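Here's the letter readout for the chains.
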Amino acid sequence: MEPQVRIRRWPWVVIALSLAVAFTLSMISPADSVQGDLVRIMYVHVPSAWLAYTAFFVTFVGSVAYLVTKNLKWDRIAAASAEIGVYFTGLALSLGMIWAKPTWGVWWTWDARLTFTFIMFFVYLGYLALRRTTDDPIARASRSSVLGVLGAIQIPLVHFSVVWWRTLHQPPSLIKPDGPAIQDPLMLTALIIGVIAFTVVYVALMVKRIELIHLDERRLQIEQSIERPVAGEAVTAPELGAT
Amino acid sequence: MKRYWKFIVPAGVVVVVIAVLVVSLSSSLVYFNTPTELTEQGPTDARLRLGGQVVPGTVADTTTGVTFEVTDGRETVDVVYVGAPQQLFQEGIGVVVEGTWDGSLFHSDTMLVKHDETYSTDEGTYDPEHPFGDGSDQA
Chain A
1 MEPQVRIRRW
11 PWVVIALSLA
21 VAFTLSMISP
31 ADSVQGDLVR
41 IMYVHVPSAW
51 LAYTAFFVTF
61 VGSVAYLVTK
71 NLKWDRIAAA
81 SAEIGVYFTG
91 LALSLGMIWA
101 KPTWGVWWTW
111 DARLTFTFIM
121 FFVYLGYLAL
131 RRTTDDPIAR
141 ASRSSVLGVL
151 GAIQIPLVHF
161 SVVWWRTLHQ
171 PPSLIKPDGP
181 AIQDPLMLTA
191 LIIGVIAFTV
201 VYVALMVKRI
211 ELIHLDERRL
221 QIEQSIERPV
231 AGEAVTAPEL
241 GAT
Chain B
1 MKRYWKFIVP
11 AGVVVVVIAV
21 LVVSLSSSLV
31 YFNTPTELTE
41 QGPTDARLRL
51 GGQVVPGTVA
61 DTTTGVTFEV
71 TDGRETVDVV
81 YVGAPQQLFQ
91 EGIGVVVEGT
101 WDGSLFHSDT
111 MLVKHDETYS
121 TDEGTYDPEH
131 PFGDGSDQA
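Chains as they are written, first to last, in our numbering: chain A, 1 to 243; chain B, 1 to 139.
Next comes chain A alone, as it looks inside the complex (with noise of 0.2 Å):
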């Protein structure tokens, strides 16, 4: 028998703080001058896309690492990671059409971005319904390791996809060559508080989703090991006889 999985509480109380901080500092921050409140919406929707390529970026380490070891501990990581990646992006996605009504007049439009971050949505959806087509944990890690490879090519694209078109979207405001484009000190401090706090909110989600895994496989585990009546059980192979 396998030790017991250690439930831990500490993630939840990480989440909430680190929530609470950027919440407060999101709010007391100043209205944009030509946006006014809407600016909000960017402390949110520019953590979420942040967390969306970290976790897309850690689901390919997570892949490449099985590939190589087939070391089931980084299949696991790797598929937690796709689906808080999921989560975020489908977050940005959201937040990024309800900033862009009022901002550009409408909900979506099919610039280089946001095209290539609709596809990279639903590609990383595919890599989580690819782990449903199997009940074999290592045809489930190896069919999925691929696509985690292969997925993350979309992760540059989607980054760069402002930098290398002409696109409605607006180019990074914070990683610029020539320094920040937000010069209000408080937005800016929110902007970055906001980012390392959805960072620990990942950490934290991580380590629950890993945890819950491990708590699966214990069940299966178990469920496996009740013995059950077969169906032919009673009847014996005939003896033949020595000849």
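Bear in mind the hints are in silico, worked out from the structure with no lab data behind them.
Quick caveat, the model's predicted, so the values are computed rather than measured.
Ideal placement from N, C-alpha and C gives every residue a C-beta, glycine not left out.
Fair warning: there could be bad hints in the mix.
[Unchecked claim] Below are the DSS-like pairs computed for lysine-lysine, each with C-alpha atoms no more than 25 Å apart in a straight line:
| # | chain 1 | residue 1 | chain 2 | residue 2 |
| --- | --- | --- | --- | --- |
| 1 | A | Lys101 | B | Lys6 |
| 2 | B | Lys6 | A | Lys208 |
| 3 | A | Lys208 | A | Lys101 |
| 4 | A | Lys208 | A | Lys70 |
[Said to hold, decoys possible] Label-pair restraints from in silico Cβ distances:
| # | chain 1 | residue 1 | chain 2 | residue 2 | range |
| --- | --- | --- | --- | --- | --- |
| 5 | A | Arg8 | B | Pro56 | 52 to 62 Å |
| 6 | B | Arg74 | A | Phe118 | 32 to 42 Å |
| 7 | B | Gly12 | A | Ala237 | 46 to 56 Å |
[As the list claims (entries may be wrong)] Every beta carbon over 12 Å from chain A, so not counted as near; a handful from chain B, in silico:
| # | residue |
| --- | --- |
| 8 | Ser27 |
| 9 | Thr39 |
| 10 | Gln41 |
| 11 | Ala46 |
| 12 | Pro56 |
| 13 | Asp61 |
| 14 | Thr63 |
| 15 | Thr64 |
| 16 | Thr76 |
| 17 | Asp78 |
| 18 | Val80 |
| 19 | Thr100 |
| 20 | Ser104 |
Please arrange chain B on chain A, whose structure you already have, making use of the hints.
Relative to the frame of chain A, chain B by itself:
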């Protein structure tokens, strides 16, 4: 070594396919044309997008919409826009207008406001009662 080819060959194929797609789609991945490109290329029948900054002092109301000039810093194009301008439309802001180019005027019926990557609180204090200006400066 043999089992690595199982991954390297399909991965190579996928990378090549993506590269070909991105290169061949590159022109349609460009969301809008600049005033310089429009002036160089001349009038076309095709519907296209024009992007640039609204030149301050050129915005004028018409009975059906607004007219203004759009610039990229080198060339300027006159835009005749039919319809209600977007909420954030103002002098000096970035816009992307959709329509046709007849060589001297850009006829548009669809307008998007392009927000740039800068955020500031510089221009006066923000008044929550009038988030998009007090109405008097909306030309």
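Hints breached by this structure
Hint check: 1, 2, 3, 8 fail, others pass.
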